[in-house]
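2 protein chains.
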Amino acid sequence: MFENKEKTPLDQLGEFKLIKQLTGEFKLKHESSVIGVGDDAALLENQGLEVISTDLLVENVHFDLMYTPLRHLGYKAVVVNLSDICAMNAIPKQILVSVAMSSKYTLEAVEELYSGIYAACEKYNIDLIGGDTSTAPQGLCISVTAIGTVANKEAVIKRAGASEGDLLCVSGDLGGAYAGLQMLEREKRVFMEQPEMQPDLEGYDYIIGRQLRPEARTDVIELFEELEIRPTSMIDVSDGLASEVFHLCEASEIGMKVYEDKIPIDQLTYDTARELHMDPTLYALSGGEDYELLFTLKQADYDKVKNSMDVSVIGYCAPKSEGAVLITKSGVEHPLKAQGWDAFPS
Amino acid sequence: MFENKEKTPLDQLGEFKLIKQLTGEFKLKHESSVIGVGDDAALLENQGLEVISTDLLVENVHFDLMYTPLRHLGYKAVVVNLSDICAMNAIPKQILVSVAMSSKYTLEAVEELYSGIYAACEKYNIDLIGGDTSTAPQGLCISVTAIGTVANKEAVIKRAGASEGDLLCVSGDLGGAYAGLQMLEREKRVFMEQPEMQPDLEGYDYIIGRQLRPEARTDVIELFEELEIRPTSMIDVSDGLASEVFHLCEASEIGMKVYEDKIPIDQLTYDTARELHMDPTLYALSGGEDYELLFTLKQADYDKVKNSMDVSVIGYCAPKSEGAVLITKSGVEHPLKAQGWDAFPS
Chain H
379 MFENKEKTPL DQLGEFKLIK QLTGEFKLKH ESSVIGVGDD AALLENQGLE
429 VISTDLLVEN VHFDLMYTPL RHLGYKAVVV NLSDICAMNA IPKQILVSVA
479 MSSKYTLEAV EELYSGIYAA CEKYNIDLIG GDTSTAPQGL CISVTAIGTV
529 ANKEAVIKRA GASEGDLLCV SGDLGGAYAG LQMLEREKRV FMEQPEMQPD
579 LEGYDYIIGR QLRPEARTDV IELFEELEIR PTSMIDVSDG LASEVFHLCE
629 ASEIGMKVYE DKIPIDQLTY DTARELHMDP TLYALSGGED YELLFTLKQA
679 DYDKVKNSMD VSVIGYCAPK SEGAVLITKS GVEHPLKAQG WDAFPS
Chain F
379 MFENKEKTPL DQLGEFKLIK QLTGEFKLKH ESSVIGVGDD AALLENQGLE
429 VISTDLLVEN VHFDLMYTPL RHLGYKAVVV NLSDICAMNA IPKQILVSVA
479 MSSKYTLEAV EELYSGIYAA CEKYNIDLIG GDTSTAPQGL CISVTAIGTV
529 ANKEAVIKRA GASEGDLLCV SGDLGGAYAG LQMLEREKRV FMEQPEMQPD
579 LEGYDYIIGR QLRPEARTDV IELFEELEIR PTSMIDVSDG LASEVFHLCE
629 ASEIGMKVYE DKIPIDQLTY DTARELHMDP TLYALSGGED YELLFTLKQA
679 DYDKVKNSMD VSVIGYCAPK SEGAVLITKS GVEHPLKAQG WDAFPS
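Protein sequence lines correspond, in order, to chains H and F. For the first sequence, the residue numbers in the numbering used here are 379 to 724. For the second sequence, the residue numbers in the numbering used here are 379 to 724.
If you are wondering where the hints come from, they were derived from the structure by calculation, not from laboratory data. Heads up, some of the hints might be wrong.
For each label pair, taking beta carbons as the anchor points, the in silico distance ranges come out as [stated by the list, open to error]:
{"hint": "1", "chain 1": "H", "residue 1": "E571", "chain 2": "F", "residue 2": "Q390", "range": "27 to 35 Å"}
{"hint": "2", "chain 1": "F", "residue 1": "M444", "chain 2": "H", "residue 2": "P447", "range": "35 to 43 Å"}
{"hint": "3", "chain 1": "H", "residue 1": "D389", "chain 2": "F", "residue 2": "A533", "range": "50 to 58 Å"}
{"hint": "4", "chain 1": "F", "residue 1": "A497", "chain 2": "H", "residue 2": "N530", "range": "32 to 40 Å"}
Some chain F residues well away from chain H (every beta-carbon gap over 10 Å; in silico) [claimed, not checked]:
{"hint": "5", "residue": "T401"}
{"hint": "6", "residue": "A420"}
{"hint": "7", "residue": "E423"}
{"hint": "8", "residue": "I430"}
{"hint": "9", "residue": "T513"}
{"hint": "10", "residue": "C519"}
{"hint": "11", "residue": "K531"}
{"hint": "12", "residue": "V534"}
{"hint": "13", "residue": "R537"}
{"hint": "14", "residue": "K566"}
{"hint": "15", "residue": "F569"}
{"hint": "16", "residue": "G587"}
{"hint": "17", "residue": "E653"}
{"hint": "18", "residue": "M656"}
{"hint": "19", "residue": "T706"}
For lysine-lysine, the following DSS-like pairs were computed, each having C-alpha atoms within a straight-line distance of at most 27 Å [claimed, not checked]:
{"hint": "20", "chain 1": "H", "residue 1": "K407", "chain 2": "F", "residue 2": "K531"}
{"hint": "21", "chain 1": "H", "residue 1": "K698", "chain 2": "F", "residue 2": "K501"}
{"hint": "22", "chain 1": "H", "residue 1": "K385", "chain 2": "H", "residue 2": "K531"}
{"hint": "23", "chain 1": "F", "residue 1": "K398", "chain 2": "H", "residue 2": "K398"}
{"hint": "24", "chain 1": "H", "residue 1": "K395", "chain 2": "F", "residue 2": "K482"}
{"hint": "25", "chain 1": "F", "residue 1": "K698", "chain 2": "F", "residue 2": "K676"}
{"hint": "26", "chain 1": "F", "residue 1": "K676", "chain 2": "F", "residue 2": "K707"}
{"hint": "27", "chain 1": "H", "residue 1": "K566", "chain 2": "H", "residue 2": "K398"}
{"hint": "28", "chain 1": "H", "residue 1": "K698", "chain 2": "F", "residue 2": "K398"}
{"hint": "29", "chain 1": "H", "residue 1": "K715", "chain 2": "F", "residue 2": "K395"}
{"hint": "30", "chain 1": "H", "residue 1": "K407", "chain 2": "H", "residue 2": "K531"}
{"hint": "31", "chain 1": "F", "residue 1": "K395", "chain 2": "H", "residue 2": "K635"}
{"hint": "32", "chain 1": "F", "residue 1": "K715", "chain 2": "H", "residue 2": "K531"}
{"hint": "33", "chain 1": "F", "residue 1": "K482", "chain 2": "H", "residue 2": "K482"}
{"hint": "34", "chain 1": "H", "residue 1": "K676", "chain 2": "H", "residue 2": "K715"}
{"hint": "35", "chain 1": "F", "residue 1": "K698", "chain 2": "H", "residue 2": "K395"}
{"hint": "36", "chain 1": "H", "residue 1": "K482", "chain 2": "H", "residue 2": "K398"}
{"hint": "37", "chain 1": "F", "residue 1": "K407", "chain 2": "F", "residue 2": "K501"}
{"hint": "38", "chain 1": "F", "residue 1": "K715", "chain 2": "F", "residue 2": "K635"}
{"hint": "39", "chain 1": "H", "residue 1": "K676", "chain 2": "H", "residue 2": "K635"}
{"hint": "40", "chain 1": "F", "residue 1": "K566", "chain 2": "F", "residue 2": "K635"}
We put the CB at the ideal spot given by N, CA and C, even for glycine.
Work the whole structure out from these sequences, hints included.
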């Protein structure tokens with residue numbers, strides 16, 4: 379905000395120079411990325427099967443630039459796609475990134491965005507192999523396509539495949555990203571009303587990080603291989619636990635029982651929800667954007683998992699007729715409600 | 379405009395129902411499309427090498443809904459991506475489509491858009507295997523990723539590869555899409571000033587079709603295989619002939635001579651340019667969006683091509699030091715100017 383550095387308007391640069399400026403230094407890491415950015419299309423020579431997914435992030439729908447640093451946004455745009463690849467039990471290898479932005483953005487702003495994209499590529503060993511840049515009448519829109527590989531069809535884990543008696547497990551903790559969003563929104567409101575107030579986000583680092591700079595659980599996928607565990611079904615938690623439980627139930631044609639007291643919620647997430655007079659369980663069920671992996675396991679695989687500190691067993695698969703049910707801390711059964719994030723809120 | 383049919387607002391439907399409504403009926407055509415829409419990611423088992431490309435279309439930058447039917451827009455969004463796959467000498471097989479749109483759009487409008495996407499999938503034998511839908515604060519943005527296959531690395535044709543003496547060829551005719559755009563823009567201006575006037579586009583069908591509903595030259599790629607022709611370099615004409623000539627020259631490190639009188643321009647394109655007091659050659663050089671293939675051939679391959687009515691030899695490759703040159707109808711040499719479409723116009 380107080381920088382005096384000279385900025386370069388995008389319209390002074392043109393598309394081809396912009397692409398060169400943004401992607402010129404990028405070195406391909408995988409042998410399978412035969413041709414990257416710079417021709418009409420990229421060329422891939424992946425061994426085995428390929429998994430491919432795409433996601434759009436739209437300004438003022440998926441992010442608010444008032445509290446989202448562009449570098450974090452670039453990182454997150456990549457991560458949410460890598461998470462989808464992980465949810466198929468695949469290891470992500472390549473991405474394509476398209477960006478449409480209003481010409482009020484400067485080259486320096488776009489470079490910030492790409493610095494986050496590159497940071498994610500570095501962290502997850504990903505090649506950026508293509509994309510598109512375009513102006514937009516207003517706002518910023520980022521579309522990422524991610525490609526990963528699995529050894530064979532048997533290794534692929536779908537939403538379908540869970541059966542009665544399987545354990546329901548989740549990696550990491552839930553609700554934190556939503557708690558972080560609530561704090562950022564609160565500080566935004568304070569700033570709008572009293573611009574002279576200093577932001578008060580001290581002590582909330584963990585949940586704000588969960589919101590602004592999530593990670594994809596490639597480590598869990600690697601752990602599965604190491605421990606020789608094969609989940610029977612899997613999905614990533616992008617819309618909230620309840621919504622994902624419904625997806626697994628629907629695809630696998632089963633019911634599920636989730637124990638409220640087993641849902642992993644970080645202490646700071648819990649305290650923040652309480653501070654805002656909200657139910658921490660609701661944050662986990664309906665908040666979304668945690669990008670953890672929700673999966674089902676055969677009971678025989680449980681022993682292999684129980685020493686892994688970062689995976690929680692939160693319930694089990696029941697007959698389809700029993701539906702998706704939350705067993706509350708007081709032992710009461712409630713039908714789960716899918717209140718996940720809706721792309722078209724009314 | 380005068381329809382009384384009931385419309386369904388998108389916010390009444392929600393994202394998951396919308397995706398189901400849009401993609402539920404789609405049948406996968408390729409054995410290599412193992413899993414399509416409906417899980418966290420799609421699963422592909424393509425033989426040989428894969429070519430992959432992505433393009434964004436943004437409302438009021440790439441299209442104007444005042445004269446672009448949504449069905450044609452959906453078709454074009456797919457075709458421009460297939461064209462990039464063709465430009466690598468590959469056959470397109472799969473696409474992923476992401477759409478962000480303001481919630482003022484109705485389900486019926488989105489279905490129109492998808493009917494065009496499906497029409498292109500049908501025509502070009504393409505599987506829709508994934509995507510994303512999202513609301514947007516305003517406007518419409520479509521991101522398509524296309525995947526194609528080539529038998530081996532030797533079959534891939536890049537922008538680099540042309541050498542001195544190679545012939546420069548182009549499929550179809552050029553400048554028509556831009557001529558069509560000019561007519562549509564003229565009628566829009568008339569309508570804005572005198573809404574009671576009837577649009578006068580009779581007789582302009584060919585060029586309006588070139589603008590609103592272009593085709594990808596998969597047939598040319600098939601012809602290459604049939605005639606056992608291997609171009610030495612190739613690109614598709616999306617930004618105008620001049621811009622594409624520069625790309626080939628730069629990547630191949632050569633110069634090129636283009637004969638103005640050899641550039642294929644349809645009679646209607648020519649007449650329309652004249653009617654608007656413009657230079658038809660400029661339409662071909664700088665108009666863009668023709669999605670024809672521009673490629674270089676060894677002279678020995680010329681005999682195989684000369685009986686193909688749909689390919690024109692328009693020039694040849696010269697030493698790099700001579701640059702990219704237009705030889706005008708009067709025989710004068712002019713350095714070519716790249717005035718192709720600019721993603722960030724100033």
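Non-conforming hints, listed in increasing numerical order: 3, 6, 7, 8, 9, 10, 11, 12, 13, 21, 22, 23, 24, 27, 32 and 40
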